[in-house]
Structure formats: C-alpha cells, structure tokens
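Start from the sequences and build out the full structure, keeping to the hints where you can.
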Amino acid sequence: MIKFQDVSFRYRDTDAWVIDSLNLTIKENQKVAIIGKNGSGKSTIAKLISGLLLHELGHIYVENDQLTPENLLDIRKKIGMVFQNPENQFVGMTVKEDIAFGLENRGVKREVMLEKIVDILEQVSMLEYIDREPQHLSGGQKQRIAIASAMVLEPKILILDEATSMLDPVGRKEMMSLVETLHNRKPFTLLMITHELNEAILADRIIVIEKGKVVLDGTPRELFTHHNHALDELGFPAPYTIQLAKGLEKNGFSLEPFPLDQEELISALWKLHLKR
Amino acid sequence: MEITFKEVSYTYYPNTPYEKKALHNVSFHIPSGAFVVIVGATGSGKSTLLQHMNGLLQPSSGKVSIGDYQLPITSKKVSLKELRKRVGIAFQFPEHQLFDETVREDILFGPKNFGIPEKDMEHRLQEVIHLVGLDEELIERSPFELSGGQMRKVAIAGVLASKPDVLVLDEPTAGLDPISRVEMMELFSSLHRLENITTILVTHHMEDALKYADYMIVLSNGRIHSKGKPVDIFNNQDALKEVQLLLPESIDMFHKLNQTFDLNLSYRGQSPFDLAKEIISSLGEDSS
Ligand SMILES: Nc1ncnc2c1ncn2[C@@H]1O[C@H](COP(=O)(O)OP(=O)(O)OP(=O)(O)O)[C@@H](O)[C@H]1O
Ligand SMILES: Nc1ncnc2c1ncn2[C@@H]1O[C@H](COP(=O)(O)OP(=O)(O)O)[C@@H](O)[C@H]1O
Ligand SMILES: [Mg+2]
Ligand SMILES: [Mg+2]
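Here the protein sequences line up with chains C and H, keeping their order.
If you count the first sequence from 1, position 138 lands on 138 in UniProt numbering, and the numbers rise without skipping.
If you count the second sequence from 1, position 59 lands on 59 in UniProt numbering, and the numbers rise without skipping.
Take these hints with a grain of salt, some might be off.
To be verified - In silico DSS-like pairs for lysine-lysine, Cα to Cα no more than 30 Å straight-line:
1) H:Lys256 with C:Lys275
2) C:Lys250 with H:Lys211
3) C:Lys173 with H:Lys163
4) C:Lys47 with C:Lys211
5) C:Lys96 with H:Lys20
6) H:Lys227 with C:Lys250
7) H:Lys229 with C:Lys173
8) C:Lys271 with H:Lys256
9) H:Lys21 with C:Lys96
10) C:Lys271 with H:Lys277
11) C:Lys250 with H:Lys81
12) H:Lys20 with C:Lys173
13) H:Lys6 with H:Lys256
14) H:Lys227 with C:Lys173
Hints are computed from structural coordinates only; laboratory data are not their basis.
Printed below as a string of structure tokens:
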C-alpha cells in the first residue's frame, strides 16, 4: 500500500511546487502505470516513495508506516527501484557484485546468494555477462541488469521508472512478461512509469500526472473506450489497434468487449463476422 | 556527406580479459542526404557503429570514410575538429553529453567552439530550444537538474546548435513523452527534407522506422543482418523475429486481418480510421 496525502515537494525553496498537494492511494499488489509529459513529476514521485527525496508538506504512507527521516531506511528495504537512467544505480565493479550488493544489504545468506544471482540473470538473459563491468554494457543491457538487481530482492513494492525504454521490441515484451510472471507467483505492488501506452495497458490502473497532480485515473478499459477522449486530450493518443477499434465502432461495428489489443480486436471482429 | 564503412571491425579492450568484439566486417554505403534507420537487438552493436561516424571510435580493422575524412586516422596532422563540426552525434544517454553549468552554456558550447559570432548566439539558442520543444524557463538551470526527457531535449538542442551536415542520433526519442516523440521525429524529418541533412538514426520503434527511413540497416551480433527499404525489411517477418524485432503494430495488424478473414488488405500507410472503412467494406462484400 502506498498513500500520498496532500503531498507537496519542490527541489528549491524558491521554485514552484513540482509535486502539488498530491493525493493518491495505491492498493497492495495493484499494478499501476504512471504516465505523464516530460517534466510532469513522475520520477519525483518515485523518489519520494523511496525516500530519496523528502517531501516538504503532507504525509506519505508506505505499507501503513508513515514515511519519516527516521524510518526511511527501513521503508526503503521494502522497495525495489529501477531508475530512469540505470547508470545511476550501479554500485558493483561487476554485474555479479552489483546484484549481490542489494542482497547483502537485506541480509541474504551468502550460500543462497550466488544461486539467486544466477537465476535472475538467466531470467533476464544476461548470465553470460555476470563477470562484466556494468558500466561497459550497452544501454539496453544496462537496463536488463538494473531490472534484475531490483527484482532479485523480491520487494513488496517494485518501481520501474521507464525501465525498458532502451530494449528492443522482443526484449521489452520479455521483461514485461517476466514482471507479470513474478507478480503471479508472488504478488507485489507494481508502479511502472512509462511513455508506452501499449505497456500501460497491461496495468490494472493508469494514472496520468500533470504538473505534479493526478489529472486522470482509471482502468485501461475505462480510459480507452471509444467515447472516452480524455487521454487523447491530455496528449496520449491511443495505440494503433485501439484507434482502429474506435474507427470500426464509428462506422457502425460494435465490438464487445471493446478491444485493447490485437488479439481482442481480432476475436471481437470474428464474432461479428460469424453473426452476419 | 556520404558515409562508407568497408569491412569494419571493432573490439573493445583487445587482448585483455574484457575483450569484446562488437563489430564484425561491417560494410555499407550511405549516400549524402539519406535518412537511414538502424535497428537491432540490445547489444547488437548499434551504438558502437554510430560512434565511428565522428571518429569517437576508430575501427580496429577496416576503413570508414565520412566525406573526405578517412578512419582510422594514421597521421597526427589530421584533426577531428572539422569532422566533429560537420557530424553531430546525440548519444544514447543524454547525461553523457551534458557537462556545462547551465542549459544555455551547454547548448552553446558547440557553436562557441566552432567560432560562431557572439552576436548570433542568442538567436541560435532560441532557435534550437524552440525546434526541440524545450521550455524556455529551463535555460538558466543546471542541465543535471532536469527530468530525463528534458535532458534529452537539451542534448539534442546542443547537437543542432552547431548546424551539422550529418545528424547521428542514438535512440533520440527514448524517454520522450508520446507527443514530444512525434514532434522530434517530425523535426528530424523536416531537417532532412528541407536542409538535406544526412540522418542516421537508431530506434526501437519500428513504426518510426517504417514511417521515416529511406533505408534501413538491421544489425545482429555485430554483423549486418539485412539492409533495404523498410517495406522490404518488414516483409520478412521470420527474419525479424530471429533478431528480436517485431513488425510495426500497423503492418502486423494487416497481416493478422488478412490471415484470419482471408482478406487482401494492403498496407499503404493509411490511417487506422481509413483502414476501419476498408475492413468494413471487404468484410461486407465477403458475407454478401
Ligand atoms: N535535481 C533536480 N533539481 C531541480 N529540479 C529538478 C530536478 N530533477 C527534476 N527537476 C524538475 O522537476 C520537474 C519534474 O521532474 P521529474 O524528473 O519528476 O519529471 P518526469 O515526469 O519524470 O519527466 P520525464 O518524463 O522527462 O522523465 C521538472 O520540471 C524538472 O525540471
Ligand atoms: N565501453 C564498452 N566496453 C566494453 N564493451 C562494450 C562497451 N560498450 C558496448 N560494449 C559491448 O559491445 C556490444 C555492442 O554494444 P553497443 O554497440 O552498445 O550495442 P547496442 O547499441 O546495439 O545496444 C555489447 O555486447 C556490449 O556489451
Ligand atoms: Mg522521469
Ligand atoms: Mg546502444
């Protein structure tokens, strides 16, 4: 559970609020996508939750504990975070050390550590890089390692800040389905910040941030139905498939349920086709 | 400027335990004024390849020529300054490019360095921040006190400020919000069309590759897997899967519709709305 109660934050006393009386509750084990324009405050929200930045006004609760400077280290242990720039989180000289670092911090025993590291690297297809320097990997490889480092900790809360932005299309799908698999196996609260609406659709809930406030909040199905133009108006045009579905509806084809991806669209069309 | 790679190989940290061969005998030719999109899986060598285009990396073997420049440079007399003025490169991580105290200084570093008259500076600054859609309020800030997408815009503005003849762009839309991404791609496209700028761009957005590339190069494990016009590249779906790439969402939809309903829709870049009409009329015909 994460709760923001009238939270405000700015980077400097003289600046305008970057996070502006933000109210937001995220239920335990919910999968939430956060979208918003560049500079709207998404990464700042992520850093406030993990106590990397301290809010100036209001209250933040993480798993029922109010976040304060005193308990911030304890709270941080519940959170796994992948930064927008993965380079900002590497601490080890090698990939192995880098992943071990977080595990050590959380008191994982040495005997099981290597096993966990090997296992997670296999899952992100990076095992052959175990002894390489993280800084000398390609951009997408750095992102895979950053994802592995966060997920290996099995955190109660996983925050992915544009964590797949430099992955190839297949790699991006693989990472999303890995998150999905782990979530099914052992649920956690997922917050993913993304500019890809096709990725946001995979969440239970989509939140749009503008100037440090929530301006839209709903399930993908609510936000993407044919009569809802709110996302479009905020600068988030629907993915191709959904635009096509809207086009079909406008021309008198009523698709049930309103499709959010290719498979759903094909099967809704198929049903109509059979009826004719 | 035209760019030619001839049997280029590149090895990071040769003869050490970290040795990594990132490019193997890569050859291609990019004519002056082309818009080339390079795609490939994570780690396939895209960034390594791009960094040869302004001499940041020099081939371990083989030859690169960029206009009149030849790499590897063997003589100490040849300076890379002129090459770097003419070939602007935007790195995959904008943070690697930013260094100055303020956004203003950072963007104007190139123009200053390449000797643009002082009186033209302010105009140049205004021009490029508007092109990339950077909020004017940010120009006196430190470039490191910005959001990821804002840093991206500053880095690209800095490259454009030197008015290069060749633009080399490494995943320049990663981190941009959807509208900024479209605007940025339109900007590159219009610079290419109106000012005949040779453009080499890496992206993971197949939709953008399809829309903007005259020509595509597909890299796989440091080798050229295929090259050609986007329509031809995307016609070979199986080959794409091999290299971790997928079809653009639009073309993929055409294939699936044709397969499932036995239709003959052909992709001509039509909007989803127009496609909807086509589907309706062909499904209608079918059932009558
Ligand atoms: N270290 C910093 N110092 C001062 N201002 C900052 C700092 N980091 C971010 N900001 C400002 O705070 C605002 C919100 O930034 P934030 O990084 O949260 O945006 P974001 O929504 O993550 O954007 P993006 O999509 O570009 O990553 C922006 O206006 C940005 O310029
Ligand atoms: N600075 C470096 N030192 C050592 N190896 C590197 C370095 N940069 C990239 N590599 C390796 O070279 C290969 C190609 O990397 P890169 O060109 O960055 O790939 P791409 O841009 O296609 O993702 C990868 O296997 C990567 O790990
Ligand atoms: Mg951000
Ligand atoms: Mg790269």
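Going down the list of hints, with the structure as the test:
The hinted pair formed by Lys256 (chain H) and Lys275 (chain C) meets the criterion: a straight-line CA distance of about 20 Å does not exceed 30 Å. Our distance criterion of 30 Å between C-alpha atoms is met by Lys250 (chain C) and Lys211 (chain H), whose separation comes to about 26 Å. In summary, the hint linking Lys173 (chain C) to Lys163 (chain H) is not supported, as the alpha carbons are separated by about 38 Å, beyond the 30 Å threshold. For the hint linking Lys47 (chain C) to Lys211 (chain C), the alpha-carbon distance of about 16 Å falls within 30 Å, and the restraint holds.
Under the criterion of a C-alpha separation no larger than 30 Å, the hint pairing Lys96 (chain C) with Lys20 (chain H) is consistent with the structure, at around 18 Å. This hinted pair does not check out: Lys227 (chain H) and Lys250 (chain C) have alpha carbons roughly 39 Å apart, beyond 30 Å. Distance restraint check for Lys229 (chain H) and Lys173 (chain C): the Cα-Cα separation of roughly 26 Å lies within the 30 Å cut-off, and the hinted pair is therefore satisfied. Between Lys271 (chain C) and Lys256 (chain H), the direct Cα distance comes to roughly 15 Å. Compliance with the 30 Å bound is thereby established for this hinted pair.
Annotation: proposed proximity of Lys21 (chain H) to Lys96 (chain C) holds, straight-line Cα distance about 22 Å (limit 30 Å). The suggested pairing of Lys271 (chain C) with Lys277 (chain H) holds, with an alpha-carbon distance near 18 Å, which does not exceed 30 Å. Between Lys250 (chain C) and Lys81 (chain H), the direct Cα distance comes to roughly 57 Å. Violation of the 30 Å bound is thereby established for this hinted pair. Distance check on the hinted pair: Lys20 (chain H) and Lys173 (chain C) sit about 27 Å apart at the alpha-carbon level, within 30 Å; holds.
Restraint check for Lys6 (chain H) and Lys256 (chain H): the C-alpha separation of about 40 Å exceeds 30 Å, so the hint is violated. Restraint check: the Cα-Cα separation between Lys227 (chain H) and Lys173 (chain C) comes to about 24 Å, which is no more than 30 Å; the hinted pair holds.
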